[in-house]
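Novice: Sequences listed follow chains A and B, in order. Read in my numbering, the first sequence has 246 at position 252, and its numbers run on one by one without any break. Read in my numbering, the second sequence has 313 at position 31, and its numbers run on one by one without any break.
Calculated from the structure, these hints are not laboratory results. Beta carbons: idealized from backbone N, C-alpha and C, even for Gly. Nothing false has been slipped in among the hints.
Partial pick of chain A residues on the chain B-facing surface, computed with a CB cut under 7 Å:
{"id": "1", "residue": "L43"}
{"id": "2", "residue": "T142"}
{"id": "3", "residue": "K143"}
{"id": "4", "residue": "L148"}
{"id": "5", "residue": "A167"}
{"id": "6", "residue": "N202"}
{"id": "7", "residue": "S203"}
{"id": "8", "residue": "N204"}
{"id": "9", "residue": "R209"}
{"id": "10", "residue": "I214"}
{"id": "11", "residue": "G366"}
{"id": "12", "residue": "L372"}
{"id": "13", "residue": "S417"}
{"id": "14", "residue": "F547"}
The primary structure of each chain is shown beneath.
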Amino acid sequence: MSNSKQFCKNLFLFLVFCLPVYLSLNPLSAAELAFTQQAFQFPAETENLLIVDTNGDGLQEIISVVDDTLRIYFQNANGFDFDAGYDKLQFPGEAIGWDVSMAYNSAQPNSASIIALIDGKEVLVWRIKDQAIQNPEVIKTSLNGFLTKGTNRLHFSRDVNGDGIDDLIIPGAGVLNLHIRTSDQNSQPEYQPGLSVRSDIRMRTRLNSNQLERRTGQSIRIPMMNLRDVNGDGFDDLISRTDERLDVFIAAQSAERYFPALPSYSLDIAEIEERLGEVDIDNLDFSNLTGLLSLTHEEILEDVDGDGIEDLLLREGGKVSLYGGTAEGMNFDQPRQVLRSGGNVLSTFLMDENEDGLKDLWLWRVEPISVGDIFIWLALSGSIAVEAFIYPNEGERFSRRPNRKLTINLKFPSIIRLATSFSKIADEVQEDNTDTSIPLTTARLDATLAADDLLVIVNNQIEIFLNAIQVDSDQEEGSGEILSSLNYSRERDNYEINIREIIENISINGNTLLEQVDGQSADITLALNTELVVGDIIPAQLNNDELDDVFVFTDTDSSHISGILLLSN
Amino acid sequence: MLVMAQSNYVAFELELEENWQQLIMVDLNGDGAKDIAHSHYQPGIGRELHIYYQSPDGSFDSTPRRIEIKTEIIAVGFADLREEPGKELLLFANSGVFSLSSAIEGYAGNIKQLLQWDLVATIPNLEQVQFIENIIDIDGDGHIDLLLPGDEVFGFFKGDGAENFELISSFSTTNKSIPQSQRGGNRGGIDANISINPEQGLVVNLSRDSTSPYSDFIEQWTEEESETRTLLRSESWMPSAILAQLNDDKLLDVIYLNVGDDGLGQLNIHYQNPQTGFSETADWTGSMETRGDIQLADMNQDQQVDLLRISGNGNDWDARFFKNQNGKFNLEQPDQIMRFSGYDVRLSFPQIEDEGAPVLNVSYYTIPIVDAIRNASINRISLLYGSDASETGQLFNRRPDTRLEDSFSAANVRGLAEQMSLDYDIDGDGVKDALYITANGTLAAKRIDEHLGVADQPFWEYISARTVFEFEVLNLNTDQYPDLLLKHANTTTLLVASP
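Can you make the complete structure from the sequences, with help from the hints?
Specialist: The structure is reproduced here in structure tokens:
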């Protein structure tokens, strides 16, 4: 397209989109909030937008990727120019994993660079200066990576050893290859020899289907490496857990290699499973199906003796072995303690019960359940007793006998009733589609931290309810959360979970957010001059006022995603 | 000719690390007897295809022939492509398809590239071989053809019988006139939010998932979040193109379901043209409700595939039947609607007799509440509907011709392992039999009479040493005697009839 034609097109787009929006979005109320409004259009193939500051000016840019081309829409004091105010780069190669990182532009602190793994073989970084993407620099070559074709986000650049410099995690064939950078940010990149660690890659592939509703293709999920300090030396160690093995690599900050080439210690999970055996239905005891729990196992790495080093609690059926962790690894010569429990051991966890600062062992057992019980529960309500035996921590090991037993009686209605209740609830939720189709969001548009603001698009206008939504406080997590649900106290040993009551109290949210402003009038109303075809409203922090700005999506067609950006003033 | 059900079999027990993995029965050496092929993985060695060849007496080799599957291979199929007897392996890599004979050791001088094609899947599962089945002659010229999922399109490759394949046409099953964010057909699932507080204990809040195409559209980057994220998450999916005979030209056509311009489900059909393959755009489309389970089946035995939609939940289910009208469907008006009360409702359309009238088989479970304390049980209901008294325009009789009810309790729970099957003719008399797993975990068969009545007593039973959980009747050689595959908890038994 010639420049004059492009100019005319841009002018037309401005007149069609920006001008009417500017004219129509003047607040209709007397509220003091003010926005700069800008119409935007992104290519329809855009999968998502990434908001990040790429040039260190405190103003966030918008990054979009379509096919193999990445665009950065730069922000300046006047906001964005969505027609021409962007620079773009085209990734080389066919399989691209890209990310942003703050670690590659020491000349311009707090600015994100674009980093990409190309065809699994080399890593390139593109720095951004002012409003231009610079030529790429090769960071690392001759890699043995494995990537899916196309352009995907790959979170592969991160500081593994805590030295403030990003290292590289390269996905390989069934493994992750870790490359620790030895040179600082200002020097030519140099890396330690790669460490290959098995990875629990989750993959789903379907290439031929004879069912209409099934799709053909592939999905891949590679989990991030598990890095945490297990030996208390202040440096993150590497824990690799797959179905077959638990490998722990202890970090050595001063050594030539941050992680050893071989695991500091390992647990052969496949061997444990082989030893425990597998389900033999022909010899299954139908009078005690829960007996199958004897085939289960757990591996828990936590600090038991309070020395800051994680120990290993290994449960195999009803046998619990405690191995002591050392600064260099794990003492597998002899377990520090072996406890054996009869009955059907369901699980174990570690939590301080007697408030002495040491984690105690909670061993959970479940009563025998027979096939006959299950048949009865099909039609009649029932209950299952679950017991927790607490073995207090005596410092080096746990007490040989539990000093407390909790009983939780799990009561439930018949399976028919359960199925009917869930089916009714699902119907009600599906039918209740009135409120959920209303575009709305919470955001922080003013300086009040205690409450969020609610933005709703109704009748082609944005209604803003200031400070209408209370901010949730953080809840407890993990085993503590389970106990708090029981209203747990040290003085009480018997508890009950009644599934029927939980079902009866299930609340179906048409939309709890809307319910919170029911009957209230909006504090601010902004009229949208554009008809909402496929609409939504999403907050993001774009300028440097620490208040949310708002994307209002109005339409999506085969060529563009269109909307209006409200930039807080 | 009446052939009695067998009592003599040559049994082969296969013990695999993953017993429930896919077994491929394929004649690889061209002796007319099907061999067993399965995926095998061993750390340090990698993936292999293990093949147990069948001997003329119906036994199988005790040790498998092992074929290395190189790391570039994403999937394996089987087809007769070379002059030598037996089927060859088709190896699907991310950018091409190759043939390999199992009769020749190794890849050197053996592997041959058949075509170049960017497959939709680009990463192999390095512990498991994916199999592609039903590699067939699509255009009816007697040579194997390929319909391959690629980079956003399906490609139709015609084979000439001499390991040459030509790309004839390609088409996309994705509706590209709607934005990418809407192509997944987001129907809005249910979002459960479990919260805990000391006053109320566990509190469950349910709401519909957002149906907005923008729900994950914007990401605000933070260093902390970036460090805890999944390293890579990648998805590449498109609606499956299914080969089926849809009109009266005897050629296989393509049918698929995607999202229409209106955001609703859309059924698409590409009719096969003998010269040009499949057109780029669908020859026929129809908007359809996609709630429930949609199946293709030839319900009226006219050799054209019809459409069935089962919807409902709990124990109330509707089945809507849409007859194929020579490659078109009236999706606004089902030809028949039937309602069933029970759990796990399944429909099948067995051809009980060769050239016989269409039959509908419905099976489901009910749970009697009365008397549950004295005798807790679950009932399995099997209904057989004929078509001789069906109303004009409808497919099946309004009322079932046969109703079978089996009661299961703790004492005979093994019989619940699988539903009764009417798909197999175990005695080879030309009439399908009712095969089922007994309370003792054995396999038995009852006869079905001309009025669709099922006999009270079995006429045949195979008593195996191990409990049977799944079964399949196969033809593993060229004789007319049915062979069997029995799945146990940890092993699989193949029974080759030995008259």
